[in-house]
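Colleague: The lines below spell out each chain.
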Amino acid sequence: MDHSVSIRDLSLSFGNVRVLEHLNLDIGQGEFIVLLGPSGCGKSTLLNCIAGLLDVTGGQIFISGKNVTWEEPKDRGIGMVFQSYALYPQMTVERNLSFGLRVAGMDKKEIDQRVKRASEILQIEPLLKRKPAALSGGQRQRVAIGRALVRDVDVFLFDEPLSNLDAKLRSDLRVEIKRLHQRLKNTMIYVTHDQIEALTLADRIAIMKNGVIQQLADPHTIYNRPTNLYVAGFIGSPSMNFLEGDLIGGDQPTIRLESGTTIPVGGYEFETKPKSGSTKAVLGIRPEHILVGEAAASMPYQEDVVIEIVEPMGSDTLAYTTVGGVSVSARADSELDLKAGQKLRVGFDPGRGSIFDVETTNRL
Amino acid sequence: MSNPAQLSTNVALDAVDNKGMRLEGNHGPRPKPFFTPKRIVLYSILFVACLYYLFPLYVMVVTSFKTMPEIRFGNIFAPPIEFTGEPWVKAWTSACTGLTCNGLNPGFWNSVKILIPSVLLSTVVAAVNGYGLVNWKFKGSEIFFSILIFGSFIPYQVMIYPLVMITRELGIYGSIWAVILVHTIFGMPILTLLFRNYFASLPVELFKAARVDGAGFWRIFFEIMLPMSLPIIVVALILQVTGIWNDFLFGVVFAGTQNYPMTVQLNNIVNSAQGSPEYNVNMAATILTGLVPLIIYFISGRLFVRGIAAGAVKG
Ligand SMILES: Nc1ncnc2c1ncn2[C@@H]1O[C@H](COP(=O)(O)OP(=O)(O)OP(=O)(O)O)[C@@H](O)[C@H]1O
Ligand SMILES: [Mg+2]
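Quick mapping for you: the protein sequence lines, in order, are chains A and B.
Under UniProt numbering, the residue at position 192 of the first sequence is numbered 192, and the numbers go up by one with no gaps.
Under UniProt numbering, the residue at position 166 of the second sequence is numbered 166, and the numbers go up by one with no gaps.
Read the hints as simulated data drawn from the structure, not as lab findings.
Careful: at least some of the hints might be erroneous.
Cβ-Cβ distance ranges computed for the label pairs, FRET-style [to be verified]:
#, chain 1, residue 1, chain 2, residue 2, range
1, B, F222, A, D75, 17 to 25 Å
2, A, I196, B, I296, 29 to 37 Å
3, A, T57, B, I149, 28 to 36 Å
4, B, L291, A, D166, 37 to 45 Å
5, A, I196, B, F153, 50 to 58 Å
6, B, S141, A, D2, 34 to 42 Å
By construction, the Cβ of each residue, glycine as well, lies at the ideal position given by its N, Cα and C atoms.
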C-alpha cells in the first residue's frame, strides 16, 4: 500500500518538555484517521508537525511519497481547519476562500471557478459577500473547510473543528464532513477528544496518551479489543467495568476476585495462552455486555444482585450494582422497567470482555 | 492617555453598582437615582480636578487677547476690556526668537517636518518588531525583547552624548534626520511592547491559517495583521504625536539652529531678552504650540475609544 502520510520516528520537544517521542504512523491514501486522546497528550502538536507549523526535533515526515520534513506548509499539499475557525476577520467569505489562491498567484478565472465549486459543495454561496463576524459558528466552520477545499490539497488536517459548536450543529456537521470525505476521497487527519466523533468518522483511530500512540486500529477493534487498560478505560461511556483478581491458568482458566468469587474465562481468546500459575489480572466488561433479568440465564457467569441506582437514558437504562464485590454498571433495555432495590439476576460472557495484565497493563 | 484610566473607573463603578442587584426573582437591575452619594462625591472630585487644570488655561486665553497696557494694569482674571487679536498674529509671524523675528511659523513647520517622518517610521518599525517577536520567534528573541525593554529604563541624558557622536559619524548631526532617528530609537521600547502585546492577544490560529495558505512574513503582516491593528495603531499614534511634538531636548541638541522645532522657538520667544516681556504674545505663542497635541486628544480620544470597542466586538 502506498502511504499518503508517513511519519517516521518523529520527536518534538518544547525546550525541555518532550511532547512527542519516536512516533511512527502510516496513513493510507484516502484514509480517515482520527487522533483521539485526553487534553495535552500532543494531538495538536502532531498535527502542527504534519502541517509544517512546528519544526520537528527529530524524525521525518513524508506526504504523498515526498519527504516534506523541512518544507514550508504551503508546499506540503495540506489544508488545515482549526477549532477557532481562524477566518480572516477583515475579509469577506469570498476573499477568505480565495486568499491562498491569490497568494499562489492563480489567475482570476480559475480562482472564481474554484471558489464557486467549493461554496456549492459546502452550501455557502449566499454567504460569499459577508464578513466572518456576520456568520454563525457552523457557517464559519464551513468557510474554514472551504478554505482548505479550494486549494485542492491531498491531505486535510482538522484540529477539533467541531468543539466550539453546540450539540445539534456538531452532529450535523459531523455527517457533512463524512459526506465530504466520501465524495472527495482525500486523506483526512482529524483531532478530537470526543469519542463519538472518533467512532463515527474514523477508518482508523489512533489513541494517544502522553505523546505515544497506544493503539491504532479501526473503531470496532478499538472498542472491542482494546490493546491495554488505558484504551479500554478511555473508550466507551460509561466506561468499561474492571474486575481485578488473580488469573489462574490451566485448561479451564479462571479469574478469582478479591471477594473470592471465581469467574470462568475459558471462552476468552487469549493473545497468548496464560501461564499455569497465577497472575494479577483485570477482567474488563462493557456495561452493555452485562445482561439483566431473564437474558442473563444463558450466560457463563451469573450472579443474583440488588440494583442500587437506576439511570433511565431514554433508549436504555443504566443500572448500578455490585458483582463479585465490585461496583459495576450495566446497560439494560428500558422495557425492563428496573427499580432501585430490585433483586434480580445478572450475567455476562467473559469471552466478550477483555483481560489485561495488571503489571504491564497490556491485553492478555 | 487619560482615556483608559477613565474607562476603567467607569467599569469599576458599574461593578460596584451591580453588586446591589438581587439575583433571585425576575426583575432586572433596579433603576438607579442619579444623585447617589457615590456619584456626588465622584463628580465633585472630577469638577475640582477640571477647575485645577482649566483655570491656568483660562488665564492664558484671557491674557492673550488683552493689550499690554491692560495687562500691566493687573487683574489677571478679568476678561479683556479692549479685545485684540494682535498678539496672536505677532506670535505667529513676527515675534523675535533670538536673532530672527519671524514668529513661531517656521518652528511650526519644522516640527511638522520632524513629526511626520518620526511618527510613521517609529510606528511602522515597532509594528514589524512586535509582529516578528510574537509570530516569528527566533533563537534569542525573548532576550532581544528583554534588552529592548530594559532600554526604556535608561535615562535619556545618559544616551545623548553617544548619540551625538553616532549621528556626527553618520554625517546627519544638526539636521532633521538626526532628530528623526533619535525619536525613532527612543520610541522603540514602548511601541514595540505595545504592538507585541497586541499581536500576542490575537489568536495564533489566524497566523497559522495564513501560513498554510502560503503567505509569507510581509504578506501576513500587511494583509492579515495590519488590518486588525487599527486600535493599537491609534494608541501608538497618539503616544508618538504628543511625545514628539512636546519634545524639547532632542530638538535643541540634534536639529541644528535652522531646524529648531516649535517648542524650542517658543522658549526663545518667551526668554528673549529685548524689551519688557510681552505677556500677551507669550501666552498666544504658548497656546499655539500646545494646540496640536490638544487637537489630537480631542479627535483621537473618540477614535481611541471606538477602536477599542471595535476590537472588543470582533469574534
Ligand atoms: N508552544 C508551546 N510551548 C511549550 N509547551 C507547549 C507548547 N504547545 C504545547 N505545549 C505542551 O505540549 C503538550 C501537548 O500539547 P497539545 O496542544 O499538542 O495537546 P492536545 O493533545 O492538542 O490537547 P488539547 O486536546 O487540549 O488541544 C501540552 O503538555 C502542552 O502544554
Ligand atoms: Mg489541541
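Colleague: Against the earlier hints, flag every one the structure doesn't satisfy and list their numbers going up.
Modeller: Result: hints 2, 4 break, sorted rising.
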